[in-house]
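Colleague: Read top to bottom, the protein sequences are chains D, W and H.
When we follow numbering that gives the first Met the number 0, the leftmost residue of the first sequence carries the number 0, and every step to the right adds one.
When we follow numbering that gives the first Met the number 0, the leftmost residue of the second sequence carries the number 0, and every step to the right adds one.
When we follow numbering that gives the first Met the number 0, the leftmost residue of the third sequence carries the number 0, and every step to the right adds one.
None of these hints come from the bench; they were simulated from the model.
For each residue, glycine too, the CB sits at the ideal point set by N, CA and C.
Take the hints with a grain of salt, since some may be wrong.
As the list claims (entries may be wrong) - What the simulated footprint calls covered on chain D by chain H, stretch by stretch (three residues with Cβ under 8 Å from a Cβ of chain H suffice, anywhere in the stretch; the number is not a length):
1) 120 to 129
2) 764 to 771
Said to hold, decoys possible - Now the in silico label distances, taken between C-beta atoms and shown as ranges:
3) W:R11 / D:S694: 50 to 60 Å
4) D:E146 / H:P140: 52 to 62 Å
5) H:T98 / D:R653: 20 to 30 Å
Single-letter residue listing:
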Amino acid sequence: MTAETVQEKEVGRARARKEDARLVTGQTNWTDNIQLPGLVHIAFLRSPLAHARITRADTSRAREATGVIAVFTGADLAAEQGSLPCAWPVTPDIVIPQHPPMAVDTVRYAGEIVAAVVARDRYAAADALEAIDVDYEELPPVLDMEEALAEGSPKVHEQGNKSFVWPFSNGDIEAAFRDAPVVLERTYRQQRLIPSAMEPRAVVCAPVGDEFTLWSATQIPHVLRVMLALVTGIPEHKLRVIAPDVGGGFGSKLQVTAEEVLALLIARRLGRPVKWTESRSEGNLAVHHGRDQIQRIRVAAGADGRLRGLDVDLLADMGAYLMLVTPGVPLLGAFMYNAIYKMDAYSFRCTGVFTTKTPTDAYRGAGRPEATFAIERVMDDLAAELGMDPLALRERNWIKHTEFPYTTIAGLTYDSGNYEAATAAARELFHYDELRKEAAERAAAGDPVRLGIGISTFTEMCGLAPSRILGQLAYGAGGWEHASIRMLPTGKVEAVTGSSAHGQGHETAWSQIVADELGVPFEDVRVLHGDTFVAPKGMDTYGSRSLTVGGIAVVAACGKVREKARVIAAGLLEVSPDDLEWSSGRWQVRGDPDQGKTIGEIALATFAAHNLPEGVEPSLDSDATYDPDNFSFPHGTHLCAAEVDTETGAVRLRSYVAVDDVGQVVNPLIVEGQVHGGIAQGIAQALFEEAAYDSSGTLVTATLADYLVPSAADLPAFVTSRTATPSTTNPLGVKGVGEAGTIASTPAVVNAIVDALRPLGVPDVPMPCTPERVWRAIREGAAR
Amino acid sequence: MNHVSMRIDGVRYDDDVEPRLLLVHYLREVAGRTGTPVGCDTSNCGACTVLMNGVSVKSCSVLAVQADGAEITTIQGLANGEWHPLQRAFHEEHALQCGYCTPGMIMAAADLLRDNPRPSEQEVRDGLEGNLCRCTGYQNIVRAVLRVAGEMAGEQAGAAS
Amino acid sequence: MIPARFDYVRPGSVEDAVRALAGGGDDARVIAGGQSLLPLLRLRLAFPDLLVDVGGLSELRGVRETAGSLEIGALTTIYELTRDPLLTAHCGLLAETATLIADPAVRHRATIGGALAHADPAGDLPAVVLALGGSLLIRGPEGEREVRAGDFFTDYMTTSLSPGELLVAVRVPRLGGDWGFRYEKFRLTAQSWAIVGVAAVARRSNGHVAEARIGLTNMGSVPVRATAAESAAAGAEASAAALREAGSRADEGTSPPSDLRGSADYRRHLARVLTGRALAAAAGAS
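The task is simple: from the sequences and hints, build the whole structure.
Modeller: Below you can see the structure in the form of C-alpha cells.
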C-alpha cells in the first residue's frame, strides 16, 4: 500500500459475512459431523418421572445387546462424577444442592440422566437403552412455585424448596407509596421457555493418554475447560476444549452440562473417542429452560403520571438444580425494572424456588426481558388508568437525553441515550396517530376485529460485564475478554479472540475492526476463536458482550501492535519513534509523509529481524485483556399493531416498527439481523411458546410439534431503523445488540393485544397469548 | 439388510443398509455428506431438507430404502462450479446467522422457486413454513428468496440442474 | 430419533402387497409416503415387525374420472392434490385443503391414502372426505370392497381396515358449478395441527342454500358430520347472518377433546364460529 491510498473505513460498512462461505455450501464443521477412528456412540437413558427414588437399575440385558461396549449407571460413576457447578452463589446462605451429572439414587425432573449406553453406532445405542430396566419409587412432584414455598410441601431437596432470597432497595419506598394518588398492583407470569437453538447439543471427546480433547456445541469453551477441570479433576492443561461451528445458543449453550462431563468421564474410562448427539425431544427435556417467574409489581404515581415508587416481588423457578448461572438470571432483571424512568424509590426482592422441573438458566435476555415486560406492561396500564397517551406517560418519566450520564434508582449509571429521538423516529415510521385513530373507530363501531397498539420503550444492561461489579454480585468469575494479534510475515493478520461465536459474525466484524486499527485490507484478516489451544484465554459469548468487551480487547491488542511497530519502523527509517505519526496503516515521518513504513513492511522486517533496534524483540504480536468500566445500555422504541379477532381470539400482527439505538455500528447488516431475530424470539414468547407440564410433572411440549417455534409464515415483516447515540464508555462507542430485540418485543406485542381489548373490559392476557386465552379473557371481560 | 442404489449430488452410491436407516443418516454417515444436518425428530424443522428426484423432502422422513433408485441433491451438490443464486443471495442479504437451518432452508427455497418462480412475499413465507430458523426472524431469508425470484424471472429455479 | 428394527418388503403389485400384509398380520404396517408413520417410528411410538412399502405401485397414483365421481389413487400425494386439474375443476375442496396440510416437503411425500388410513382426527383430509360424502376402495385377500367415509373411521386413529387390507383409492363426487366449498383450518402456527377444522360444501340456489354438508376436524375421536348445522343451513338464506346462525349448531352431538391446543368448550365455540364462516364462504354469502 502506498502513502497515497486512503483506505475506506471498514467499521460501519455492511460487509457480507466471511463465515457464510462454509455455511451456505454445507462445509460446516458441526460437532456431530466429527468422525474419529474408533469413535463410539453414547446414548443416555432419562427419567420418565419428575420425582422418584431409583430402587433398582439392571443393565445386564443391555450389556449383552448387539454392538454394546459399556453401560453405566449413576452408581457406577458416583465416585468420580462430582457435582455440576453453579458459579453464581448470589447470597451467602444460598442453598446449592448436589447435582450429580448422572442421578445416583433420586431423580428430580423428567429427563434427568439415569444411565448411559456406549455402542458401536447410534442405532445400537438407541436399541440398548430399551434393554435397561430401572425401577422407581415415585415421589410427589413439586410443580407450582407458590405451593412449593407453602408449609408442608413435598421437598425437592432435603434442604427445602427455597434456594435464596435476594433483596435490593433504594430510596424511601414507604414514603413513595404513602398517599400516592395512583397505586397499581399487577401480577405477571413469565412462562417457561425452551431456547430451541437449531443445532441440538453434541459432544465428542477423544482421549490420548491422559490428555483429552473435547468438542462441544457450546457457547463457552473457555469457561467449560476450567469447570470440567474442577469437576473431574483432570488437570486443566491436559484438557483442550473446542467449540467448532455452533448452531445457535441463545444462552442454552452457556452451560456446563451433565452430558459434557459424562462424555469426558466415559472417554476416560474406555480410553476411546466417544460421541453423543441429542435428539430434539431429548433436548427439550434436558437443555436448560428459560424465564419462569411470577412477578408481583406495584407502582405508585402522581396524578400527573410522575412515577414515585416501584416495588417488585419475584418468584423465580430454578427448576430442580442450580446450574451454571441459574440464580443470577433473575437478578440481572433487578437492575432493569426501573428501565428508562426516573423515580424516587425502588424495592426488589427475588426468591429462588426449587421445583421438579428441568433447571432454568440463561435464555436470550436473561432476567432483562422479564423485567422489561413487567414495567412496560405496567406503564401501559398506568396510562390507561390516568387516561393518558402511553407514549406521553413514558416521556413524562424518562431520562432526558440532556441528563446523561444518569445514575438510576437501581444504582446503574447509564452512559448515554436519546429516548426522545428513537421514539420520534418510531412514531413516524409506525404512523402512530393514524393507527390510533383507526383503533378508536373500530372500537366505536363494535368491529369484531379490533386493533391495538403496543409500546415498548426499553433499555437494557449488557456487555457482561465489569469484573468489579460481577464480584460485588458474587459471580464466580470476571467479565473481561481477551484478544491477541498475530502479524504474519507477509503482512496478513490473525486475530485471536476469546469470544466464542456461534452465529453472531465475529469473523466478519472483528476483521472490520482490525482492518481499521491496523490499516490492512478486510480480506487480509483471519479471525480465530473457539479452541482453547488456539485462543487460550477467554470468557466467551453471552449477555451481548462480544463487541463491547471482546471487540474492545481486539482494539486494544491492535494498539499494542501499532506501538511495537512504531519502534521498529523508527529503527528502519532511522528516526526517533517520537517523529512518527500513524496514518492509514502506516507509520510515517511527521512533516515528511513520503518516508514511512506500512504495517506489512514492518511485519516483514520484523520477521527478518536483521536490523531491529537494540533490545527490541522480533515480534509484533500482542495480546490484550479488556475489562469494561461499565455495562452498555442500548435502548429503543418498538411499536406493534395487532389485530384481534374477538370471535376466535386469533391475533394477527399487522405491523411492527423497531427503532434501536445501539450506539456506533460496526456492521449494519449484522446489527439488523440481530434485531430481526431478537424480535422474532420475543414475539414467540408473547404468542406461541410455552414449556408446559402436566400434573404429574411430565413435559408435554417435548417435541417441536408441541413446542411451537414460529416459522416465516407466522411472523410479519419488521420495519427497522436506528438512531445512534455513541456509548461514552468504550473507544468504539458501541453498545450490545444481541438481546435487545427479544427484550423489547414481548411487551410491545402483549401491550398491543391488551390495548385492543381494553374497551372490552380485558385488563391482561397471560402469555403466550394463544387464541383460546384471548377468547377467555374477552369472555371474562364481558362478564365483569 | 437391503440393497440401495442412489445418485447423490451426481455420484452413484451402492450400499447394503438396515431398512430402518433414515435417509439423512445414510447421507451423513454412510455417504459422508454431512452438509445436511438434523434439527428435530418430528419433521418440523426442515434442517434436513434435500431434493429427491427434483422436489424437496425432509430426509429424516424418508427411509434410505425408500430412496432406492432416487436422485438426491443436497446443499453440497447445489453449486455448479459457482454458487447457486440462492447461496449468493443468502450470503449477500445476510439470510443466515448460525447457519444450521441454512442447508434445508436453501433447498426448500430452491423447491419453492421451482414450483412458483415469481412468488409474492406471503407465498415465500408460506412456502418456507416447514423450515424453522431461530436466528434471523426470517426477514432476510424472505428477502433473499424474493431477490433470486426477481433475478431468475421466467426461469425454472433451483432444481437439481 | 432412531426407529426400532423392522423387516421391509417392497411388493411389485397390489396383489403382492395384500399377500405380504396378510402374512404379517397385526404386526405389519403399510408405508407409502411415510409422513405419518416415520415420526411415530422415530419417536418409538410404533413398533411394526414388517413394513410393506407400497410406494412403488404406480397404478395407485393419480386421479381418474368415473361416472359422476372422481377416483383418486391412494398414492396420490398431497402435493398432487393441490395441482390436479380434475380436482381443481370438480372437487375444489380437496385441492384447497391440500394446500393447508403440513408443509411443501411433507406434501411431496404424504399421500391421500396414508392420511386417511392414519385416521388422525386432527388430520384435515378425513373431515374433507366425510363432508364430500366420499367412499374408500379397499383391496384385501377377499377382493375389493367399498366403504363409505362415515363407516371407515371407527375410533381414534382406527379404521375399518382389517389386517391384510390395503386402501387403494378414494372416490369423491364430482361437484357441479352450483356447489361452493371452504375448509376453515384454525391452528396456532402454520405447520401445527388444526385445533378445529371445518370442511363445508354448499349448493346454492336462488340466493339460498339448497344443501350443505359439513365435516369437522378434531371435534371427537373420529371426524364427524355437523348434521344439525347441515339441517339448519338447508333452505337458509345465503347470507352471512343466516349461515352464522346455522353454524351455531355445529357442535351439537360432538365430543371434542381437551388437550394442549384447546379445551373442549373452546373447540365447541370455534366449531360454531368457523362453521358459520365456512358455510358463508361455500355459499358465496357476503
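Colleague: Would you mind marking each hint as holding or not holding in the structure?
Modeller: For each hint, the structure was consulted:
Note: the region 120 to 129 of chain D has 5 residues with beta-carbon separation from chain H under 8 Å; the three-residue rule is met and the coverage holds. Under the rule that three or more residues need a Cβ within less than 8 Å of chain H, the assignment of the region 764 to 771 of chain D holds, with 3 such residues. Checked against the given bound of 50 to 60 Å, the beta carbons of R11 (chain W) and S694 (chain D), roughly 55 Å apart, stay inside it. Here the CB-CB span from E146 (chain D) to P140 (chain H) is close to 58 Å, well matched to the stated 52 to 62 Å.
Between T98 (chain H) and R653 (chain D) the beta carbon distance is about 24 Å. The supplied range of 20 to 30 Å therefore holds.
This entry satisfies every hint, going by the numbered hints stated previously.
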